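There are 2 protein chains.
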Amino acid sequence: MTATDPPWDPYARECPSRDLLNRIGDKWTVLVLGELADQRPHRFASIRDRIEGISEKMLTQTLRHLEEDGLISRQVYPEVPPRVEYQLTSLGVTLRGPLAVLREWSVSHATDVLAAREEYARTGLRRCPS
Amino acid sequence: MTATDPPWDPYARECPSRDLLNRIGDKWTVLVLGELADQRPHRFASIRDRIEGISEKMLTQTLRHLEEDGLISRQVYPEVPPRVEYQLTSLGVTLRGPLAVLREWSVSHATDVLAAREEYARTGLRRCPS
DNA sequence: GGAAGTACCGACCTTTGGGTAAGCTGCTCA
DNA sequence: TGAGCAGCTTACCCAAAGGTCGGTACTTCC
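Respectively, the protein sequence lines represent chains A and B. Under my numbering, the letters of the first sequence match residues 160 to 289, in that order. Under my numbering, the letters of the second sequence match residues 160 to 289, in that order.
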């Protein structure tokens, strides 16, 4: 935002922006943020149930990272049984669009890619001479 | 593209679109495709040199996957020393925009995220009572 | 004749990702 | 009395990711 920001470059080794890029492109992160995209509070169990195959451990870990990075907020209600609500922060909202586009791309081009893989399996093997 | 495509859903376990999402969000894939974004042919060594810290093994593997998925083409010139050129396919071009947006986000928000991490390290630790 | 360049491939080994399972809290309901 | 709830945490373990190193083929340059 300021003019004094270092020239972040994901192509540079150990640049924080590369690290960040890895995190936001993460397997579970993309799905979790997508689920929180409506900016309404979500509870642990509802996110877990929505994302098929995620373990509680990975969900916890992913949520912690997102909170640490300031992308989501975590609100604990001191009730019994405990209630915790997660929701996008304003910083998280800025990431909503980019990730939505990515998910949409993967949905709308899955067929093309599957076709390409078949084609590759059939013809691409001339790489190995008979 | 066609009306008969299965209803791909990355939130479903073992859906090809989830698999695809993981691949395109991959650590090296994002950078490699970014480097090829100008649609001009690129050689192995030039890509390797541009992406600091990538090993030749990972570059080879990433390029193979991209070729397999139909996102890049691989042109071999039977010369000595060998010359191989990689370039985006038309399918690959459709992914250029989404990934560019993602890279730009990580560059322009790295500062914010670093600040959030510091804040979290300082205040977020009331999670552990003294 | 030895070194260097190109784009790999394969073996080996370490690091990380990620799964399972158990435990914990403090109240409530049977 | 004790089971069950929500949202974890911790320990343990295996498999996959990914780095390092060595080799290849053929030629050109020194």
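If you are wondering where the hints come from, they were derived from the structure by calculation, not from laboratory data. Worth double-checking, as some hints may not be accurate.
Chain copies aren't distinguished; within one or between two, either way the pair holds.
As the list claims (entries may be wrong) - Using 25 Å as the maximum straight-line C-alpha spacing, the simulated DMTMM-like pairs for lysine to aspartate or glutamate come out as follows: (1) Lys216 <-> Glu173; (2) Lys186 <-> Glu238; (3) Lys216 <-> Asp168; (4) Lys216 <-> Glu244; (5) Lys186 <-> Asp164.
Remember, predicted model here, so these are calculated numbers, not experimental data.
Results for each hint:
1. Lys216 <-> Glu173: between (27 Å within a copy, 19 Å between copies)
2. Lys186 <-> Glu238: neither (32 Å within a copy, 40 Å between copies)
3. Lys216 <-> Asp168: Between copies only: 23 Å across chains, 32 Å inside a chain, cut-off 25 Å.
4. Lys216 <-> Glu244: within (17 Å within a copy, 43 Å between copies)
5. Lys186 <-> Asp164: between (29 Å within a copy, 24 Å between copies)
Hint compliance for this structure: hint 2 alone is broken.
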